[in-house]
Each structure stands twice: as structure tokens, then as C-alpha cells.
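As you go down the protein sequences, you meet chains S and W in turn.
In this text, residue positions in the first sequence follow full-length UniProt numbering: the first is 1, and each later residue adds one.
In this text, residue positions in the second sequence follow full-length UniProt numbering: the first is 1, and each later residue adds one.
Do not take every clue at face value.
One side of the interface only, derived from the structure: several residues of chain W facing chain S at Cβ under 8 Å [as the list claims (entries may be wrong)]: (1) Ser-40; (2) Arg-57; (3) Thr-188; (4) Pro-256; (5) Ile-260; (6) Gln-264; (7) Ala-269; (8) Asn-270; (9) Asp-279; (10) Asp-301; (11) Gly-302; (12) Arg-305; (13) Thr-308; (14) Pro-310; (15) Gly-312.
Straight-line C-alpha distance at most 30 Å; calculated BS3-like pairs for lysine-lysine [said to hold, decoys possible]: (16) Lys-119(W) to Lys-198(S); (17) Lys-280(W) to Lys-177(W); (18) Lys-177(S) to Lys-198(W); (19) Lys-198(S) to Lys-280(W); (20) Lys-280(S) to Lys-198(W).
Pair ranges (Cβ atoms, derived) [unchecked claim]: (21) Gly-173(S) to Ala-80(W): 40 to 46 Å; (22) Arg-354(S) to Glu-358(W): 15 to 21 Å; (23) Val-307(S) to Asp-301(W): 35 to 41 Å; (24) Tyr-291(S) to Gly-366(W): 33 to 39 Å.
No lab work stands behind these hints, which were simulated from the structure alone.
All residues carry an ideal CB built from backbone N, CA and C; glycine is no exception.
Number of protein chains: 2
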Amino acid sequence: MDIGRRDLLLSAAALTVGSSAIGRAAPDRPLGYAIVGLGSYGLGVIIPQFANCTHSRLAAVVSGDAAKAQRVAAEHGLPARSVYSYANFDTIRDNPDVDIVYVCLPNSMHAEYTIRAAKAGKHVMCEKPMAVSVAECEAMIAACKKANRKLMIGYRCHFEPFNLEAMRLARTGAAGKIRYVRTEHGFTQGSPSAWRLKRALAGGGSLMDMGVYSLQAARYMTGEEPIAVTARESTDRRDPRFTEVEDMIEWTLEFPSGAIAGCQSMYSANQNHILLMGDKGRIELEPATRYDGNHMWLGRDGREREVTPPAGPAKTQFAGQLDHLAQCVRSGREPIVSGEEGLRDMRIVEAIYRSAREGRTIRLDGRA
Amino acid sequence: MDIGRRDLLLSAAALTVGSSAIGRAAPDRPLGYAIVGLGSYGLGVIIPQFANCTHSRLAAVVSGDAAKAQRVAAEHGLPARSVYSYANFDTIRDNPDVDIVYVCLPNSMHAEYTIRAAKAGKHVMCEKPMAVSVAECEAMIAACKKANRKLMIGYRCHFEPFNLEAMRLARTGAAGKIRYVRTEHGFTQGSPSAWRLKRALAGGGSLMDMGVYSLQAARYMTGEEPIAVTARESTDRRDPRFTEVEDMIEWTLEFPSGAIAGCQSMYSANQNHILLMGDKGRIELEPATRYDGNHMWLGRDGREREVTPPAGPAKTQFAGQLDHLAQCVRSGREPIVSGEEGLRDMRIVEAIYRSAREGRTIRLDGRA
């Protein structure tokens, strides 16, 4: 049963994330990460997080911009041999400092660089969305399996204290029997030239980016796998930002228990919200999945009691995520958000797009 | 254009509701209301509100429970001739104290008592939902037109300061171009024996009751009429409360401007929420449409600034509603929430049910 499976995963997460504190002897040298893609996320968000890590360190950078790569390498004391271009990326196989490759590229490049990293003998952290199609996800999983390397998806919310506490509260019945999850993620896209608005790079619109947070939240808050999806897209195609990809998409997921999730993503307004409703009460997060500054409430009718979750074992959700894969590599355990988890989402993403396109409910459980 | 029409209506509302304060000479005797149905709403909510009215007074009661009717009449100093049963209701035509009949009965009885009241020469206030079918709504409008009597629907939110201020803010661009409205209304139905859970009395489930608030909010927040609806119902038919009517139903409305409304109603959890998102910001109400204790916020990303609306000219939304019809009767103006407004909602309600049943989008603008 999926509920049982996910409960096990949650327990595993707690154990794994906490293992440095509760047992293990002094850690070996931190594992080395190569960051592929020095855009705002790789450079601006991830690289500074190694300062918060226990088991992970920056070991290499990969970029199409040689000057930027050299500058970043110098700032972080990396040797010249740990600076790669996309052309010579495959030689990373010869760099013993690099244990893990973290793919922070536009979505359409995730599959290629994950597979090349696995072929180079490296474990892989791949940003969400895992790729732009189910076929790519399957190829990525196969490549990592063949190379006997770990594959983890950058689902940072599984290491974020508010979301972890919300999952725990949902699972322990704080809201009663789960009836409905509502979650919306969006932001106002500015420039029409952003790569996220180009189909060839992003593979889709808001669903591929913010929508993955809503989809993940629906799954980890219910602890179930959806059996059907009904979706509807709404995009103003006269808006110069949305000539190639969707702006807003809404979808309803149906779960085996009878619980329903109403999900949304959009690129034309700011939203960041998760609400779980049960027959005994509600668990609400807003903002729900930000880098920081999230808030959570319990209530019967609304936001009656604000909840501060216990601090996680990691200093930040990013450090928790980075160190988790490092620990999995050391211990041989599977990451709690593995390639299979990314593939599950991509199957649903494809069904969402198909439902919106065909104007009908798509079953996810193989039933007609 | 509907937008223009509704703007006019909003202006008319302000004028009409405010007229006692800004001009009119000392009012004539308050108009007399007969309350039909002494259930929790008629007896518990409406009758006490005459104490807050300027232009309206309680003049008669109609109930199937003679003892209860006599007790209520005595408590409010009504003469014995102003106590009616359903059997002798039509003799209300001979009672000069009664100007308006307020139908507070289960939904399936709205049409019959509205039409009988009109035939008895009385103006009619009818609780929402206006009836249980478009055909009934049309018959009610025709009966009132034939009798040259006013017909108003008990859409109290059009007299509620938070909702009025939210409409004004939306219309004056406080959120920018309107992109999306989200609204959910629900409560946890307790007893399986409640009349609202019986199809013969309620005509439907949560949509007929709380759903009407979500539908109204979508229309008055956007100021537009929907051109298409896509709906999905979700009901646990093993739940003894939901053997006859739906629990949860979600629907998406598409508006001519490109704005979208995601609406929901349910009988298995508590919700009372309106969120309007534009390209410049948000207007949010929660609780949104309660009898009192509503709250409203403006923000860019969330609830950044709480807003207290100016007090309305009426003491309460209920008094504003009751006095509005009384003033319309006196002045000959059409109520801002007339029978036609109720009919518009019922057309959409039927389309929502049809969309959910047939699993496809239903056009509301006559296009294929």
C-alpha cells in the first residue's frame, strides 16, 4: 500500500536526516558536489548552502560561461581542474574530488546531464522537475541504475521543517480523516525572455515549475498516490509571456481514500499555499514552500493556532537535502526522494497536460 | 455589457442602501414582512433583525407549527389574524399589514410560496437558492411580473460591508487586472436527517446551499458573467449523510476577460473564503461571508495589510437587505439582487451539475 510505503519513507527520512546526530562516528570527509549550471539557483541558492552542510562540500563547477566559472571557483578555493565547460563535462569522471553532480540546468537539459554524470561514474542530484517527459525520467533512472549510482531529485520540501511537521500532523490525524487538500503555487513572471517561458528549455509552463510544488504537496500531505486527474488550463495567449507555455493550470487529483486535492500553478500572480482539510480540522501553510519565512496554522475553521515546527536536524532545508544524498551515498540507502519519486510526478504531469488538452478525466490507476 | 451593468448595479446599491441617510424625509410607516418558515434561519436569524431595521417590521408569521407560530406572534406583539398556517396562507392577501412575504422555507418550497405570495398581491423576498431549477425561477419571475410585485433574492452579501468593500476595491483596480478568483464555502454537516441532505427538499447538496455563496462571490468579485463552466463532484456515497445529495463539488468558471474563478462547496469541512488575484495584488476575505466576524486583507503575496471596511448605512447586512426591498417597494426601483439575478445563478448551477455529470465543459454563452 502506498500509504504504508510513504509512512516508511517518512520514518526513513527522520532516521536518515538525523543520523549524524544520533549515532554515526565522526564523519568522513564531506562528499564533493559538482554544480552544473551557475544560474540564479545553482549559484545564488545552492552554492552558498555548502557552508551549512556537514557531509557535503563544493568540489567543482560546470558552466558555459568560463569567466563566471573561474570566478566562482576562485571564490570557493577550487582548483583549476575542477572548472568544467559543457564541452569537457564528461572528463569529470577523472576527478576524484567529485562524488555527486547536482544538475541545476533548465529542465530540458536535466536528462542529458544526469545521464552523462552517471556515465562518468558520479551520483546525481537533479533539480525538479526531474525532466520534461516520462521517457526521459525512465532513461535517467536506467542510466543511474546501470552505473550503480544514486539518483535524487531536488525536492527540498522533504527537508523543510514546516512541511515535515505538516506531514507528521496529517499522518497522525491532527485534522481527522483527510477530506481535501488545496494547494496553489505561482509567481508573477516578469520578462518574456526568461528560459522558463521557452518550451524548448522548460518543457512546459507554470506546471513544470511551480506546479511541481503543488503536485508534491498534494501527494505528501495525503500520503497517497492519485488514481485520476482532471485538469484545465487557462492562458491569455495575447500576453507576450505566454506565447509558448501555459500560464495557469488547475487540476483535481482523486485519491484511493476518497480524498481530493485541488491544485493550481500560475505565472501571473503570487501564490504559495497548502491547506489540508479533514473532518476534524485543518492544517494550513502560507507561505508554504518558500526558501524561508514559511508559516503554519492549525484550526477548526481557519487559522486559529499558529504552529512553529521543531527545528530540523539540518541547518536549512537545502543543507538537509545536500547532506541527505551524501549520507545515502555513504550508507548505500536510497534517497527518500529518488528518481522513482520524480518519475511518479512526471507521469502525473503528463496526465495533467493530457487531461487539459482532451478536456476529460485521465485515470492514473490503469482503469478505463 | 455585463460589466457595465453590474457597475451600475453597484452604484445603485450604494444609492439605494444609503438613501435613508442622505435625503429622504421622515420615512413612512415601515413595511410589513410576513416570515414564511420559522426554522433556524427565519426565526433565529431574520426575525431578530427587524430590531435593526428602519423601513421594515415584522407583520406576520407563517408556519406549519401552530403553537410555535402563536408563541412567536405573542413575543412580537402580532395580532392573532397575522398568524398563518400553510393551509390558510393564501388568505394573507386580505391582510393589509403585510406588504412583503419573506420565504425562508426549504429550497424546494421556494417557488410555490413565492408564486402564492405574488398571487396574494404581496412583494416577495425569497431565500437563496432562489429555487431548485431554472424552470421554477422563470415561473417565479413571471408570477411576480404578472402580479406587478417586486421579487428579491436573499443575497445578503450584497449588503455586507466587507463584501461591498471587496467589490469596490476589485472594481477600482486595487489588485490590478483580475486574473483569478478562488472561493470556497462549506461546513461540516452533522445529522444525516437534516433537510439540506434530502434531495426532495434541498434540490441538491452543498452546491445548492454553500455553493451559491461561492458562485455569487465569483460573479460579484469579477463583475462578469461566466461563459463556460467545468465541474467535478466528489462524494463518499458510503457516508450516511450523502446518500441523496453531493458532498463536495468544485467548478471552474471562465469569464470573457480571461479571468478564471475556481469555486468549491462542501458539506464535510468548514470553509469560508474568497481570494481575488490580479496582476498587481490580492484581495482576500476569510471568513468571507459569515453573519459577522468577517476579515479582509490586501497584499502582494499574502495577507499583508488588514482592511476594515467603512460601516455600511445599515446596522447589519440583514437589516440592509430587509430595508432595501422595503425601499424598492416604496420607490418602484428594482432590487439590486432581483429574481433575474437568482435565475442567472440557477442557470449556472444547472450547468455545474451537468458538467460534473457529463464530465465535460459546458458553455454558458451559447457557443458550441
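Checked hints:
1. Proximity of Ser-40(W) to chain S is violated relative to the hint, the smallest CB-CB distance being about 19 Å (cut-off 8 Å).
2. Given the 8 Å rule on beta carbons, the hint for Arg-57(W) is violated: about 34 Å separates it from the nearest Cβ of chain S.
3. Against a cut-off of 8 Å between C-beta atoms, the interface hint on Thr-188(W) holds, since the closest Cβ of chain S lies about 7 Å away.
4. Hint on Pro-256(W) is violated. Least Cβ distance to chain S is approximately 12 Å, over the 8 Å limit.
5. Interface hint at Ile-260(W): satisfied, since its Cβ lies 5 Å from the closest Cβ of chain S, which is below the 8 Å cut-off.
6. Satisfaction of the interface hint for Gln-264(W) is found here, the shortest Cβ-Cβ separation to chain S being roughly 7 Å, below the 8 Å cut-off.
7. The beta carbon of Ala-269(W) is positioned within 8 Å of a beta carbon in chain S (closest approach about 4 Å), and the interface hint is therefore held.
8. Against a cut-off of 8 Å between C-beta atoms, the interface hint on Asn-270(W) holds, since the closest Cβ of chain S lies about 4 Å away.
9. Because the smallest distance between the Cβ of Asp-279(W) and any Cβ of chain S comes to about 6 Å, under 8 Å, the interface hint for this residue holds.
10. Given the 8 Å rule on beta carbons, the hint for Asp-301(W) holds: about 4 Å separates it from the nearest Cβ of chain S.
11. Look at Gly-302(W): its Cβ gets to within about 6 Å of chain S, closer than 8 Å, so that hint holds up.
12. With a cut of 8 Å, the hint placing Arg-305(W) at the interface with chain S is violated, because the nearest CB-to-CB distance is about 15 Å.
13. Taking 8 Å as the C-beta contact cut-off toward chain S, the hint placing Thr-308(W) at the interface is violated, the least distance being around 18 Å.
14. For Pro-310(W), the interface hint is violated, the least distance from its beta-carbon to any beta-carbon of chain S being 24 Å, above 8 Å.
15. Nearest Cβ of chain S to the Cβ of Gly-312(W): about 23 Å, over the 8 Å cut. The hint is violated.
16. Between Lys-119(W) and Lys-198(S) the CA atoms are separated by roughly 64 Å; this puts the pair beyond 30 Å, and the hint is violated.
17. Proposed proximity of Lys-280(W) and Lys-177(W) is supported: the alpha carbons are some 7 Å apart, at most 30 Å.
18. The hinted pair formed by Lys-177(S) and Lys-198(W) meets the criterion: a straight-line CA distance of about 24 Å does not exceed 30 Å.
19. Of the supplied pair hints, the one linking Lys-198(S) and Lys-280(W) holds, its CA atoms being roughly 24 Å apart against a limit of 30 Å.
20. In summary, the hint linking Lys-280(S) to Lys-198(W) is supported, as the alpha carbons are separated by about 24 Å, within the 30 Å threshold.
21. In this structure the supplied range 40 to 46 Å is violated for Gly-173(S) paired with Ala-80(W), their Cβ-Cβ distance being about 56 Å.
22. Hint check: Arg-354(S) to Glu-358(W), Cβ distance near 19 Å, so the stated range 15 to 21 Å holds.
23. Between Val-307(S) and Asp-301(W) the beta carbon distance is about 20 Å. The supplied range of 35 to 41 Å is therefore violated.
24. Checked against the hint of 33 to 39 Å, the C-beta distance between Tyr-291(S) and Gly-366(W) comes to roughly 48 Å, which is inconsistent with it.
Figure legend: structure checked against the earlier numbered hints; hints not met, in rising order: 1, 2, 4, 12, 13, 14, 15, 16, 21, 23 and 24.
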